[in-house]
Amino acid sequence: MRKLAVFLFLLLPAFFSLNSSAQVNQSQLGERDTLKMSRDSILRLVRIKDSLLILSRRDSMAMSHLIQNLEYNRDSLFGILNEIRYKRIEDSLNHLNQYYKSRDFNRRSKTTLKEFLPGIDEDSVKASLSDVVGLVYDDTAFSPKPRLLKSSMDRLLEHLNNDSTWFSVINSKDMAVPFAMKNNRTDSAAFFVMNSNNDSAKVYMKSIDKHTVYMWVGDDLKLQHLLKKQGTPDGIPIQWVGPQKYRVARRPVPTQAPKLWTKRAEFLFMINQASFSNWSKGGNSSIALSTDVKASANYAKGNIKWDNFFWFVYGVQKAELLDLRKNQDKIELRSGLSHVAFKNFNYSIGGSFITQSFKGYSYPNDSVPVSKFMAPATLQLNVGMEYRPNPGLKINMSPVSAKFTAVLDTVLIDQTKFGLKEGQRIRPELGAQVLVEHKTVLFKNVNMSNRLILFTNYLYHPEKVDIDWLLTLDLKVNKYITTTIRTNLIYDDDIILPLYEVKDGKKVKIGEGKRVQFMEILAIGFKYILY
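The sequence shown: position 439 = 439 (my numbering), numbered continuously.
FYI, nobody ran anything at the bench for these hints, they're computed from the structure. None of the values given here were measured: they were computed from a predicted structure. Heads up, the beta-carbon is just placed ideally off N, CA and C, and yes, glycines get one too. Any given hint might turn out to be false.
Unchecked claim - Cβ pair distances, simulated, as ranges:
| no. | residue 1 | residue 2 | range |
| --- | --- | --- | --- |
| 1 | K318 | A295 | 26 to 32 Å |
| 2 | M448 | L497 | 27 to 33 Å |
| 3 | E422 | K464 | 20 to 26 Å |
| 4 | E463 | V368 | 18 to 24 Å |
| 5 | A295 | P391 | 34 to 40 Å |
| 6 | R251 | R185 | 52 to 58 Å |
| 7 | E463 | V340 | 31 to 37 Å |
| 8 | V340 | Y500 | 20 to 26 Å |
| 9 | R251 | K330 | 26 to 32 Å |
| 10 | L321 | S367 | 37 to 43 Å |
| 11 | K503 | P391 | 50 to 56 Å |
| 12 | L473 | A297 | 21 to 27 Å |
| 13 | L430 | L471 | 50 to 56 Å |
| 14 | Y204 | L473 | 56 to 62 Å |
What the hints assert, rightly or not - Dumping the calculated PhoX-like pairs for lysine-lysine here, alpha-carbon to alpha-carbon at most 20 Å:
| no. | residue 1 | residue 2 |
| --- | --- | --- |
| 15 | K372 | K359 |
| 16 | K263 | K305 |
| 17 | K372 | K444 |
| 18 | K294 | K476 |
| 19 | K444 | K421 |
| 20 | K263 | K326 |
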């Protein structure tokens, strides 16, 4: 009993102290105060078994601090502490701290974004970055806008996800090909990859999305240098097989279709000009223009050859104090068919037709024409042999040659000037003809061609041979410019020519006679050859 009395004596001061503190806070504790609770800590203390009855470490005095912690958590003071903590969160100091953090973040964002803006050129991100920077500039210390900033940054990230990536592909020859990668967009390009041996392969690229590129090699792969590996005789197996094991089927050898026709066209425009101004030695200015067209179409198949030739020449000249006059006019058509007889000799049959296209005058008398189309005109048919030792030489010998000279307009043209009688329009002749054609290269870019025609009439003065010799010398300057020298010598015993003399500075006709006709032309011109 003495020990129980001592225990109650020690417990009473603690009880009164708790009671006094509970009374002080009674107005603030409310319904959850310890004094009003039916299961107060004091009542639980009374029900705790005394240490005298249970002598162990779980004595009520040893468990007192645990009981106090338990009651503290359930006490109304814990709610007051939570309320104070909540109010501290919304304290002005916390607002000031949040302001400083927002201001520092805005400053850092503004500086970082401004560093990358100059490097972006017309990109889809630039607009979003500008909005973000504008938001940072407009932000204030007392009214930060973290939600707007977050929205702008989200939009920026969305644009970054859809933004394009540009790069260039460069091969060993420093040839660059630009390429773009972007979501929801397909781009393709082609480039060549090369090695040190200049082997090239064409590679194609195609963008699948922003992070994927599909590449393949083209079907037109070409290798100029093939790698060769030298093998040893020991590494090559040798197996002898009888010829009966393999049979090769006969196949016809493909042959190229023979070229039967050889065609050529030559266009030549020539000009000859002389000019004098206050020349003490005298002289008259003059200019001459001429057009020369030659065309040939030759057929060859087996032992048969067919040659066709067309020639058109027309020229005019203008001298000082004189009118425009014609100085050249010729239309010539030749055709010959030959068949091989023996080495270099062919049987031949052919014909020729020669006339002019416009009226011609015997100047200075320009009122009465002396020639025109089909007045005169010469038609000749030949039968004989042809000798061709090489491509540059051809000799045609025709022991039978029929020549017809025609002047169809005997009213306007005097036919007697061309060997025809009065009232005669066509004059036939029977004789022989020799035609010699020769072409050679004298020097580099200097070509010479000759054509000589000899004809004799069996029926009338066979000793008087008609001569027609044409000499052409071409000096090639370049592919299109050439200088041409041409001479033509003609003698026909049947043609009567007017004879002139110069008296007192004028040409005066003194009579008519048979003369050698000669023409010489030296001109520079534009020449084009078509095959």
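Results for each hint:
{"no.": "1", "hint": "K318 - A295: 26 to 32 Å", "in the structure": "29 Å, holds"}
{"no.": "2", "hint": "M448 - L497: 27 to 33 Å", "in the structure": "29 Å, holds"}
{"no.": "3", "hint": "E422 - K464: 20 to 26 Å", "in the structure": "22 Å, holds"}
{"no.": "4", "hint": "E463 - V368: 18 to 24 Å", "in the structure": "34 Å, violated"}
{"no.": "5", "hint": "A295 - P391: 34 to 40 Å", "in the structure": "19 Å, violated"}
{"no.": "6", "hint": "R251 - R185: 52 to 58 Å", "in the structure": "55 Å, holds"}
{"no.": "7", "hint": "E463 - V340: 31 to 37 Å", "in the structure": "35 Å, holds"}
{"no.": "8", "hint": "V340 - Y500: 20 to 26 Å", "in the structure": "51 Å, violated"}
{"no.": "9", "hint": "R251 - K330: 26 to 32 Å", "in the structure": "55 Å, violated"}
{"no.": "10", "hint": "L321 - S367: 37 to 43 Å", "in the structure": "18 Å, violated"}
{"no.": "11", "hint": "K503 - P391: 50 to 56 Å", "in the structure": "53 Å, holds"}
{"no.": "12", "hint": "L473 - A297: 21 to 27 Å", "in the structure": "25 Å, holds"}
{"no.": "13", "hint": "L430 - L471: 50 to 56 Å", "in the structure": "29 Å, violated"}
{"no.": "14", "hint": "Y204 - L473: 56 to 62 Å", "in the structure": "60 Å, holds"}
{"no.": "15", "hint": "K372 - K359", "in the structure": "4 Å, holds"}
{"no.": "16", "hint": "K263 - K305", "in the structure": "14 Å, holds"}
{"no.": "17", "hint": "K372 - K444", "in the structure": "41 Å, violated"}
{"no.": "18", "hint": "K294 - K476", "in the structure": "17 Å, holds"}
{"no.": "19", "hint": "K444 - K421", "in the structure": "51 Å, violated"}
{"no.": "20", "hint": "K263 - K326", "in the structure": "31 Å, violated"}
When the structure is compared with the earlier hints, violations turn up for hints 4, 5, 8, 9, 10, 13, 17, 19, 20 and for no others.
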